[in-house]
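First to last, the protein sequences are chains A and B.
According to numbering that gives the first Met the number 0, the first sequence is numbered sequentially starting from 0.
According to numbering that gives the first Met the number 0, the second sequence is numbered sequentially starting from 0.
Among the hints, erroneous ones may be present.
Stated by the list, open to error - Negatives, chain A to chain B, calculated, CB over 12 Å:
#, residue
1, Arg63
2, Arg86
3, Tyr118
4, Gly129
5, Ser186
6, Thr207
As the list claims (entries may be wrong) - To give an idea of the chain A side of the interface with chain B (calculated C-beta under 10 Å), a few residues:
#, residue
7, Ala14
8, Ala21
9, Leu83
10, Val99
11, Leu104
12, Pro124
Just so you know, these hints were derived from the structure itself, not from any lab.
Every value quoted in this text rests on a predicted model; they were computed, and no experiment measured them.
The beta carbon of each residue, even a glycine, is placed where N, CA and C say it ideally should be.
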Amino acid sequence: MRILLIEDDVALGGAVRDHIAAGGHAIDWMTRLDDAFAAHSTVSYDLILLDLNLPDGRGLDFLRSIRKESDMTPVIILTAMDQLSIRIDGLNAGADDYLVKPFDLSELTARIGAVARRYGGNPNPVITIGPLQIDQAQRSARLDGRVLDLTAREWTVLEKLAQHPGVLVSKAQLEDAIFAFGAEVESNAVEVYVSRLRKKIGNDLIQTVRGLGYRIADE
Amino acid sequence: MTRARSLTRWLIVSLTVGAVALWLLAASLAANSLRVSLDVAFDGGLRETAERLLPLALDGFRDEMGDPGEQRDAHEIPLYDDAASEYIVYQMRLPDGEILLRSHDAPATPFDVPLQPGFADSGPWRIYTIGSAGRDAFIQVAEARVHRSQSLMGSILALIWPIALLIPLSALGIYLAVRAGLRPVRALSSEIAARHAANLTPLAVSNLPVELQPIGDAVDGLISRVETALEAERAFASNSAHELRTPLAGTLAQLQRLIVELDGHPEQERARQVELSLLRLRTLTDRLLQLARADAGMARASEPVELLPALRVVVDDARRRLPADRQILLAETSPSLLAPIDIDAFGIAMRNLIDNAISHGTSDQPIRIEQYEHAIEVKNGSPVISAEVLAGLTRRFERGTSRPGGVGLGLSIVDTIMRQTGGELTLTSPVLGSSDGFSARMSWSWPTAKTNE
Numbered sequence: 000m001r002i003l004l005i006e007d008d009v010a011l012g013g014a015v016r017d018h019i020a021a022g023g024h025a026i027d028w029m030t031r032l033d034d035a036f037a038a039h040s041t042v043s044y045d046l047i048l049l050d051l052n053l054p055d056g057r058g059l060d061f062l063r064s065i066r067k068e069s070d071m072t073p074v075i076i077l078t079a080m081d082q083l084s085i086r087i088d089g090l091n092a093g094a095d096d097y098l099v100k101p102f103d104l105s106e107l108t109a110r111i112g113a114v115a116r117r118y119g120g121n122p123n124p125v126i127t128i129g130p131l132q133i134d135q136a137q138r139s140a141r142l143d144g145r146v147l148d149l150t151a152r153e154w155t156v157l158e159k160l161a162q163h164p165g166v167l168v169s170k171a172q173l174e175d176a177i178f179a180f181g182a183e184v185e186s187n188a189v190e191v192y193v194s195r196l197r198k199k200i201g202n203d204l205i206q207t208v209r210g211l212g213y214r215i216a217d218e
Numbered sequence: 000m001t002r003a004r005s006l007t008r009w010l011i012v013s014l015t016v017g018a019v020a021l022w023l024l025a026a027s028l029a030a031n032s033l034r035v036s037l038d039v040a041f042d043g044g045l046r047e048t049a050e051r052l053l054p055l056a057l058d059g060f061r062d063e064m065g066d067p068g069e070q071r072d073a074h075e076i077p078l079y080d081d082a083a084s085e086y087i088v089y090q091m092r093l094p095d096g097e098i099l100l101r102s103h104d105a106p107a108t109p110f111d112v113p114l115q116p117g118f119a120d121s122g123p124w125r126i127y128t129i130g131s132a133g134r135d136a137f138i139q140v141a142e143a144r145v146h147r148s149q150s151l152m153g154s155i156l157a158l159i160w161p162i163a164l165l166i167p168l169s170a171l172g173i174y175l176a177v178r179a180g181l182r183p184v185r186a187l188s189s190e191i192a193a194r195h196a197a198n199l200t201p202l203a204v205s206n207l208p209v210e211l212q213p214i215g216d217a218v219d220g221l222i223s224r225v226e227t228a229l230e231a232e233r234a235f236a237s238n239s240a241h242e243l244r245t246p247l248a249g250t251l252a253q254l255q256r257l258i259v260e261l262d263g264h265p266e267q268e269r270a271r272q273v274e275l276s277l278l279r280l281r282t283l284t285d286r287l288l289q290l291a292r293a294d295a296g297m298a299r300a301s302e303p304v305e306l307l308p309a310l311r312v313v314v315d316d317a318r319r320r321l322p323a324d325r326q327i328l329l330a331e332t333s334p335s336l337l338a339p340i341d342i343d344a345f346g347i348a349m350r351n352l353i354d355n356a357i358s359h360g361t362s363d364q365p366i367r368i369e370q371y372e373h374a375i376e377v378k379n380g381s382p383v384i385s386a387e388v389l390a391g392l393t394r395r396f397e398r399g400t401s402r403p404g405g406v407g408l409g410l411s412i413v414d415t416i417m418r419q420t421g422g423e424l425t426l427t428s429p430v431l432g433s434s435d436g437f438s439a440r441m442s443w444s445w446p447t448a449k450t451n452e
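If we strip away everything but chain B, and leave its shape as in the complex, we get:
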């Protein structure tokens, strides 16, 4: 099974990656703009330096060496601080290219650019050339381009390093925002989860954010359709019970009158066979109607129900139709029996357990019904039933081995009802503390019984 996709995780990753990408794009645009600005600024600096330096250099050279045309030996200007290095270097050159004067760190060979006023690039240098008024001397001021790159890189790094802080902060911020934003989704999810066969009330759509209201409306529509379908199923099960049982009752009663009136007549035996078939049909009809009602999801009650009075009615009813040689003992161990089960579903489940005990239990032992606060156990005498047979008893149309002729639906109906109510049907043989017997226990874990519809 593939792991469910986390919307929160997806939002954190995608929004963080998006934010970083946008940040990097903005940083690159800013870096490009910065590079242009730095070039303009540094070029301005070079030109200003050259313009200020040229007259000073010319005056100094004339004072010291005479006219530029008379002096041929290149002269290097020493540094005040030998350990320092020059940020900007220059060469003063004659029109023929000869170097008259150069700064300490300037190359001894002429820059490989023509003596044309303006900017030029040569190897690692950015050079600005300017000539004297008479064009008898030129000064070329140069700056190592690596300096500009370093400045640019420093600025770019200053833009980029906050990303290291941005990523976790962004992820945390997005996580908190998504969590807060999804709160209505979680509330909606809880609301939907609270709906089951016994609670199909509409959702409180007006309390939902605008974005979730279409979902709420759609779920309400679905709930309404489910409720209609369930009502139809329940009405069918209920009406068909009446419509089937009444003619069956009339037929059975008329047949039983006929059997009496045929007393001594050879056809009476045939009528008795028909009566047996009708009685089997009655049992099968009962079970199928119970199964239809259980399958219609009618078992779950929205609130815990006090079942002890109902239990007494069911037991009293069972005692009235009990064969003369059988006995039912009811042990009430608690002043109440509370469970989230519809009272009619409880009646169906109890009748099936008791009928099962009457049909399959040995007549030499009474049927014992033990009531607890959140459980009921029905025990009857029986040879030990193997675990394999026990496991199959809750399957539909699965019959036990003790008595032929059963429908094979009783325990399946009880199991269906118990699953719907979040309870459990436990079949045990032999009965705990005994060497034989059979026990069927309905129990509800309290107070957290959840529906398994």
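In isolation and in its complexed conformation, chain A is listed as follows:
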């Protein structure tokens, strides 16, 4: 997934960025709303993590603004304001979830997974494709019951493909899900990760549509 983190606290933002990146997702971290608007206008994000009090404005204004443009990117609010009225305001403004600081990083991971699954149209965290079983909540994959040893980026590619079996996913979408702004991206990076995945789950499950991208089998 490609995630936009909007958080002005350096300690918290840095830890969240590292935690999400370690999970194999691409994350862009902005500390100001104007930077967040700029990033959002150029990149299609799968999820936004949004603080409410920012140096140049209110996070809720950002949320209302993108919802006004019919942008339905999932948004999880991260805030120190635990008042129920603010939480309801956030949900009414179009937020999908709400985490009060301080939170466990593992809980953040669970919330991100739950929101992503909801948006993926399949709230069930377990996806089964033939002999392959993918548990998004546990971030684990099994082939014929055997646990697969996947790196974070291999996991991200597999999850991205498995969320919509049979649907074509472009190479650019996979790059966006793996790499953040400014990351050194080799031109064949996606092919490398797909190739490694095929070695672990078998050649038949991931199909290459030449010049367009990849898709995982529908069965």
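For this one, chain A is given, so just place chain B on it according to the hints.
Leaving out everything else, chain B in the frame of chain A:
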């Protein structure tokens, strides 16, 4: 406790006593003036009687007895009516004092006053003496002084007896006047009583009588200072929540990253201990901030609030952070949940009740939340809790016995919030109809919930 002094009672008693005293003073002054007037009038009557009587008596005596000097036997004038009595008596006397003639009721002995023209008092008599032109005879006309006293007393009584009517009428009149006069005071009192943490609007001072306007101004000043203090407390509680939680969140997140990065390193366990301490600090900070907000008097809402959507949000949130082996069941028995409670205070109270049920409830039974029109009950599995322990659970820093490590503030915060909103927190164990379990019920008597701030 001494009984409060009644201003109405004091005014009735003091004004009635004052009115009676003034009436009596006026009556005594009038009586004195009346006495003088009566004396003048009666004296005038005596003198006129004497002046008219003397020539008549002299002529009559000469016609009948000759010159006064020739007759020595005192002669008594009989009454026409034997049963009657004389109001005025007289004696006709010679210069040497001998009585020539006397009226029927006049004493047989001479009056003990000299035969000098003018008024004199002797014993029970008021006497007027006048002599003939040749000073050969005198007439002394006398009136019993008791007659004057009786006349005076009759007049005084006529002045005093209306007091018997005056006292109750005066008390009633004063009561009605005071009652009407105090109406603005009662209105002001109601206005002040309507002010609480959620309603600190200024009083309508311009509608008050001039005499009460300084009080209204003073109360408005006090309300303004209270509002400023409350706002400061609320702002402190709100800002400190942000200022405390954000660095705590950064520290916790960095520490959790460190724990991951220390995988397999012996220092990881030490980092986990620090993480546990931080998590305890997070819980304690949460509770203290909630307590600060509850103590700032933020719980009472000026109007009843529909809380059912908020309840669903709180329950949904609780389900997300619920351990995998636990379950929360929400039973909505009414289409609305109305109570005069601020929505954030409701959120704090509900979160504390649910957290309490998660922390202390047994995992083999679900947490049951029952919603009614004006009440919510949170039930969890639990061994029976004694009445003594139950009674102490709403005291601050009082911990239950089921699980160590709690802060001991949750139920106290809920109790504080409920008191502010005029509601009640009822803790029960065992749950009604069961042999065990624990129940915490928030309820509001409707529609007359009053604040207990």
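Structure-based check of each hint:
1. Against chain B, the non-interface label of Arg63 of chain A holds: every CB pair exceeds 12 Å, the least being about 19 Å.
2. Against chain B, the non-interface label of Arg86 of chain A is violated: not every CB pair exceeds 12 Å, the least being about 6 Å.
3. No beta-carbon of chain B comes within 12 Å of the beta-carbon of Tyr118 of chain A; the shortest separation is about 16 Å.
4. Non-interface call for Gly129 of chain A relative to chain B: holds, since the shortest CB-CB distance, roughly 28 Å, exceeds 12 Å.
5. Listed as outside the interface, Ser186 of chain A is consistent with that label: its C-beta sits roughly 31 Å from the nearest C-beta of chain B, beyond the 12 Å cut-off.
6. Distance to chain B confirms Thr207 of chain A as a non-interface residue, since its nearest Cβ pair spans about 34 Å, more than 12 Å.
7. Taking 10 Å as the C-beta cut-off, the interface hint given for Ala14 of chain A holds, the closest approach to chain B being about 3 Å.
8. Nearest Cβ of chain B to the Cβ of Ala21 of chain A: about 7 Å, under the 10 Å cut. The hint holds.
9. Among the interface hints, the one on Leu83 of chain A holds; its C-beta lies about 3 Å from the nearest C-beta in chain B, closer than the 10 Å criterion.
10. Residue-level restraint check for Val99 of chain A holds (minimum Cβ-Cβ distance to chain B is 8 Å; threshold 10 Å).
11. Interface hint status for Leu104 of chain A: upheld, as the beta-carbon distance to the closest one in chain B is roughly 5 Å, under 10 Å.
12. Below 10 Å, beta-carbon pairs count as interface contacts, and Pro124 of chain A has none with chain B, the closest being about 12 Å; its hint is therefore violated.
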